[in-house]
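A.B. asks: In the order they appear, the protein sequences are chains A and B. For the record, in the first sequence the residue sitting at position 159 is 159 according to this note's numbering, with numbers rising by one throughout. For the record, in the second sequence the residue sitting at position 38 is 38 according to this note's numbering, with numbers rising by one throughout.
Treat each hint with caution, since some may be false.
Said to hold, decoys possible - If you anchor each label on the Cβ, the simulated ranges turn out as follows:
{"#": "1", "chain 1": "A", "residue 1": "Asp171", "chain 2": "B", "residue 2": "Glu166", "range": "41 to 47 Å"}
{"#": "2", "chain 1": "A", "residue 1": "Asp40", "chain 2": "B", "residue 2": "Ala167", "range": "27 to 33 Å"}
{"#": "3", "chain 1": "B", "residue 1": "Glu223", "chain 2": "A", "residue 2": "His115", "range": "51 to 57 Å"}
{"#": "4", "chain 1": "B", "residue 1": "Glu5", "chain 2": "A", "residue 2": "Pro36", "range": "48 to 54 Å"}
{"#": "5", "chain 1": "B", "residue 1": "Gly227", "chain 2": "A", "residue 2": "Glu162", "range": "46 to 52 Å"}
{"#": "6", "chain 1": "A", "residue 1": "Ser140", "chain 2": "B", "residue 2": "Asn2", "range": "37 to 43 Å"}
{"#": "7", "chain 1": "A", "residue 1": "Arg53", "chain 2": "B", "residue 2": "Glu223", "range": "32 to 38 Å"}
{"#": "8", "chain 1": "B", "residue 1": "Ala28", "chain 2": "A", "residue 2": "Pro6", "range": "20 to 26 Å"}
{"#": "9", "chain 1": "B", "residue 1": "Glu5", "chain 2": "A", "residue 2": "Asn151", "range": "21 to 27 Å"}
{"#": "10", "chain 1": "A", "residue 1": "His115", "chain 2": "B", "residue 2": "Arg29", "range": "16 to 22 Å"}
{"#": "11", "chain 1": "B", "residue 1": "Ser17", "chain 2": "A", "residue 2": "Arg53", "range": "16 to 22 Å"}
Unchecked claim - Pulled from the structure, derived: some chain A residues nowhere near chain B, Cβ distances all over 10 Å:
{"#": "12", "residue": "Arg12"}
{"#": "13", "residue": "Pro20"}
{"#": "14", "residue": "Trp51"}
{"#": "15", "residue": "Pro59"}
{"#": "16", "residue": "Ala61"}
{"#": "17", "residue": "Leu63"}
{"#": "18", "residue": "Gly68"}
{"#": "19", "residue": "His72"}
{"#": "20", "residue": "Leu114"}
{"#": "21", "residue": "His115"}
{"#": "22", "residue": "Arg120"}
{"#": "23", "residue": "Thr138"}
{"#": "24", "residue": "Pro150"}
{"#": "25", "residue": "Ser154"}
{"#": "26", "residue": "Ile155"}
{"#": "27", "residue": "Arg159"}
Stated by the list, open to error - Heads up, simulated DMTMM-like pairs for lysine to aspartate or glutamate below, C-alpha to C-alpha not over 20 Å straight-line:
{"#": "28", "chain 1": "A", "residue 1": "Lys165", "chain 2": "B", "residue 2": "Asp14"}
{"#": "29", "chain 1": "A", "residue 1": "Lys170", "chain 2": "A", "residue 2": "Glu135"}
{"#": "30", "chain 1": "A", "residue 1": "Lys165", "chain 2": "B", "residue 2": "Glu169"}
{"#": "31", "chain 1": "A", "residue 1": "Lys170", "chain 2": "A", "residue 2": "Glu111"}
{"#": "32", "chain 1": "A", "residue 1": "Lys170", "chain 2": "B", "residue 2": "Glu5"}
{"#": "33", "chain 1": "A", "residue 1": "Lys163", "chain 2": "B", "residue 2": "Glu32"}
{"#": "34", "chain 1": "A", "residue 1": "Lys170", "chain 2": "B", "residue 2": "Asp25"}
{"#": "35", "chain 1": "A", "residue 1": "Lys165", "chain 2": "A", "residue 2": "Glu112"}
{"#": "36", "chain 1": "A", "residue 1": "Lys163", "chain 2": "A", "residue 2": "Asp123"}
Hints in this document: simulated from the structure, not taken from any laboratory. Just so you know, these numbers come straight off a predicted model, no measurement behind them. No residue lacks a Cβ here, since even glycine has one placed at the ideal position from N, Cα and C.
So the chains spell out like this:
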Amino acid sequence: MADDDPGAAERRARFEALAPELVEPLRRFLARRTDPVTADDVLGETLLVCWRRLDDVPPDAALPWAYGVARHCLANAQRSARRQGRVAARVATVDPPTQSSPGPGETQHGEERLHEALARLTDTEAELVRLWAWEQLTPSEIAGVMDLTPNAASIRLHRAREKLKEILRKDRPAAGHEESTEGRTP
Amino acid sequence: MNDDELQQRLRAIDPASDLTPADPDRVARLLEDTMNTDLTDTSAPGTPGTPEQESRNDGTRNRSPLTWLVAAAAVLIAGVGVFSLLGNDPERDDAPTAAPSASASVDPGSTAPSVTELGAPPPAAGRCMVPTAEALSTAQVAFSGTVQSVEAGVVTLVPDRFYTGEATELVEVRATPDELTALVGAVSFEEGRRYLVSATDGQVTVCGFSGPLSPNLEALYVEAFPG
């Protein structure tokens with residue numbers, strides 16, 4: 001009955017036009033922030049919210065909006081995972097889910113330092129940086145995801161980037177200490 | 001290091017860089033499943049669903065009769081908490097109250113979602129009163145929301161509309177396992193399903209005041225909380 005309704009059909013058509021564009025970016029978004037199982041769950045949740053709140057999706061900024069939903073759903077999933085004491089398994093926000101095969105020592109070490117530096121940012125700072133570098137959003141799009149004003153997003157992103165650079169700069173091993181630094185790596 | 005260099009270095013460690021695209025069939029199925037779920041959440045506040053959507057959600061759609069049998073039985077056993085709640089002095093101090101946590105409410109910019117915490121009514125013997133809008137309107141918290149998870153001691157709902165009470169991003173109903181059994185039975189919380197829930201003195205109302213979303217219950221809520 002509902003399917004005969006022109007409104008319902010029109011709604012389906014709108015979702016069918018919108019959703020396929022969202023799926024791959026959302027999958028990548030989630031793959032960057034959690035384990036594959038949780039990513040799958042949260043993808044389903046996110047699409048469900050998009051479907052139910054289709055009228056709220058801003059036509060010109062659907063993807064940032066959907067990222068915001070996914071971020072919210074992921075936070076919820078992680079909260080309930082924490083409640084069940086599965087912190088370590090499910091709340092991998094920084095570690096890459098698939099570790100690349102060992103490359104040249106130099107590169108590997110640099111990647112590790114970058115991961116460590118990211119981990120030293122606050123959650124919000126790291127998220128701002130990820131949205132900028134990985135999702136490649138503009139500050140105003142990031143504002144949409146994070147529920148900030150564009151101005152605040154811009155300022156906070158700038159600060160987060162500077163902080164990250166500063167950490168990387170300070171951590172850079174001084175010449176001649178290369179070996180001792182390598183030795184620290186577990 | 002400038003921003004471009006930083007971005008380049010970060011992109012080199014993008015965990016999703018080697019993510020293969022999803023199987024198109026699987027995506028199609030996922031989208032189809034998504035569109036086949038209840039549409040009741042489409043409502044903007046004030047325009048709850050179209051008649052067509054409501055009729056689809058009316059009654060026993062997609063639910064086994066057993067669910068309703070269990071729910072009905074449990075209402076008889078547990079629903080009575082509300083009677084004692086509505087009929088007795090709300091100040092009685094043995095009531096395990098869990099007031100809506102104003103402290104955990106909206107905090108823009110915070111990463112933790114705001115939560116309203118509710119308790120379950122104590123299982124007790126008594127009778128249910130007929131749900132009326134008048135009685136319902138005394139509830140301090142009333143919202144519609146979808147059950148996100150049912151776990152030991154906690155039912156988490158994602159509210160989509162608050163009829164009354166301070167809006168939060170999540171609502172958690174906490175209860176001892178015994179209370180939860182009674183409550184889950186009475187209200188029959190199921191993951192992914194949408195409910196209308198009200199609470200008095202931090203305790204979820206049963207006895208037909210809270211339950212799966214239905215046109216009748218929704219009408220009751222709309223009547224109890226106009227505007």
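A.B. asks: So, for every hint listed, does it hold in this structure?
C.D. replies: We went through each hint and held it up to the structure:
In this structure the hint that Asp171 (chain A) and Glu166 (chain B) lie 41 to 47 Å apart at CB holds, the actual value being about 44 Å. Range check, Asp40 (chain A) to Ala167 (chain B): about 30 Å between beta-carbon atoms, so the 27 to 33 Å window is met. Range check, Glu223 (chain B) to His115 (chain A): about 56 Å between beta-carbon atoms, so the 51 to 57 Å window is met. The hinted range of 48 to 54 Å is not satisfied by Glu5 (chain B) and Pro36 (chain A), whose Cβ atoms lie roughly 31 Å apart.
Between Gly227 (chain B) and Glu162 (chain A) the beta carbons are some 48 Å apart, a value that agrees with the proposed interval 46 to 52 Å. Between Ser140 (chain A) and Asn2 (chain B) the beta carbon distance is about 21 Å. The supplied range of 37 to 43 Å is therefore violated. At about 25 Å, the beta-carbon gap between Arg53 (chain A) and Glu223 (chain B) misses the expected band of 32 to 38 Å. Range check, Ala28 (chain B) to Pro6 (chain A): Cβ separation about 23 Å, and the 20 to 26 Å hint holds.
For Glu5 (chain B) and Asn151 (chain A), the hinted distance range of 21 to 27 Å is satisfied, since their beta carbons lie about 25 Å from each other. The supplied range of 16 to 22 Å is broken by His115 (chain A) and Arg29 (chain B), whose beta-carbon atoms lie about 35 Å from each other. One distance hint, 16 to 22 Å for the beta-carbon pair Ser17 (chain B) and Arg53 (chain A), is violated here, with the actual separation near 30 Å. For Arg12 (chain A), the non-interface assignment is contradicted: its Cβ lies about 6 Å from the closest Cβ of chain B, within the 10 Å cut-off.
Distance to chain B contradicts Pro20 (chain A) as a non-interface residue, since its nearest Cβ pair spans about 7 Å, not more than 10 Å. With a closest Cβ-Cβ approach of about 5 Å to chain B, Trp51 (chain A) is found to fall inside the 10 Å limit, against its non-interface label. With a least CB separation of 16 Å from chain B, Pro59 (chain A) remains clear of the 10 Å interface cut-off, as annotated. Remark: the non-interface label on Ala61 (chain A) is consistent with the geometry, its nearest Cβ contact in chain B lying 19 Å away (cut-off 10 Å).
For Leu63 (chain A), the requirement that its beta carbon stay farther than 10 Å from each beta carbon of chain B is met, with the minimum near 15 Å. Under the 10 Å C-beta cut-off, the non-interface status given to Gly68 (chain A) relative to chain B holds; the minimum distance is some 12 Å. Taking the minimum C-beta to C-beta distance to chain B, about 7 Å, the non-interface status of His72 (chain A) is violated against the 10 Å cut. The non-interface label for Leu114 (chain A) is inconsistent with chain B: the shortest C-beta to C-beta separation is roughly 6 Å, within 10 Å.
Distance check on His115 (chain A): its Cβ comes as close as 7 Å (rounded) to a Cβ of chain B, failing to clear the 10 Å threshold; non-interface status is violated. The beta carbon of Arg120 (chain A) is kept farther than 10 Å from every beta carbon of chain B, the shortest such distance being approximately 14 Å. Distance to chain B confirms Thr138 (chain A) as a non-interface residue, since its nearest Cβ pair spans about 13 Å, more than 10 Å. Distance to chain B confirms Pro150 (chain A) as a non-interface residue, since its nearest Cβ pair spans about 14 Å, more than 10 Å.
With a minimum CB-CB distance of about 12 Å to chain B, Ser154 (chain A) clears the 10 Å threshold, and the non-interface call stands. Here Ile155 (chain A) stays apart from chain B, with its beta-carbon at least about 13 Å from theirs, past the 10 Å limit. Even its closest Cβ contact with chain B, about 13 Å, leaves Arg159 (chain A) beyond 10 Å, as expected for a residue assigned away from the interface. The suggested pairing of Lys165 (chain A) with Asp14 (chain B) holds, with an alpha-carbon distance near 17 Å, which does not exceed 20 Å.
Restraint check for Lys170 (chain A) and Glu135 (chain A): not satisfied, since their Cα atoms lie roughly 27 Å apart, outside the 20 Å limit. With a C-alpha separation of about 35 Å, the suggested pair Lys165 (chain A) and Glu169 (chain B) falls outside the 20 Å cut-off, and the hint is violated. With a C-alpha separation of about 16 Å, the suggested pairing of Lys170 (chain A) with Glu111 (chain A) holds against the 20 Å cut-off. Pair hint Lys170 (chain A) plus Glu5 (chain B) holds up; C-alpha atoms about 17 Å apart against a cutoff of 20 Å.
Of the pairs offered as hints, the one joining Lys163 (chain A) and Glu32 (chain B) is violated, with about 44 Å between alpha carbons and a cut-off of 20 Å exceeded. Note on Lys170 (chain A) and Asp25 (chain B): the hinted pairing is violated, with a Cα-Cα distance of about 49 Å set against a maximum of 20 Å. Distance hint between Lys165 (chain A) and Glu112 (chain A) is fulfilled; the C-alpha atoms sit about 15 Å from each other, no more than 20 Å. A hinted pair counts as satisfied when its Cα atoms are at most 20 Å apart, and Lys163 (chain A) with Asp123 (chain A) qualifies at roughly 13 Å.
In summary, the structure is inconsistent with hints 4, 6, 7, 10, 11, 12, 13, 14, 19, 20, 21, 29, 30, 33 and 34 from the numbered list given earlier, while agreeing with the others.
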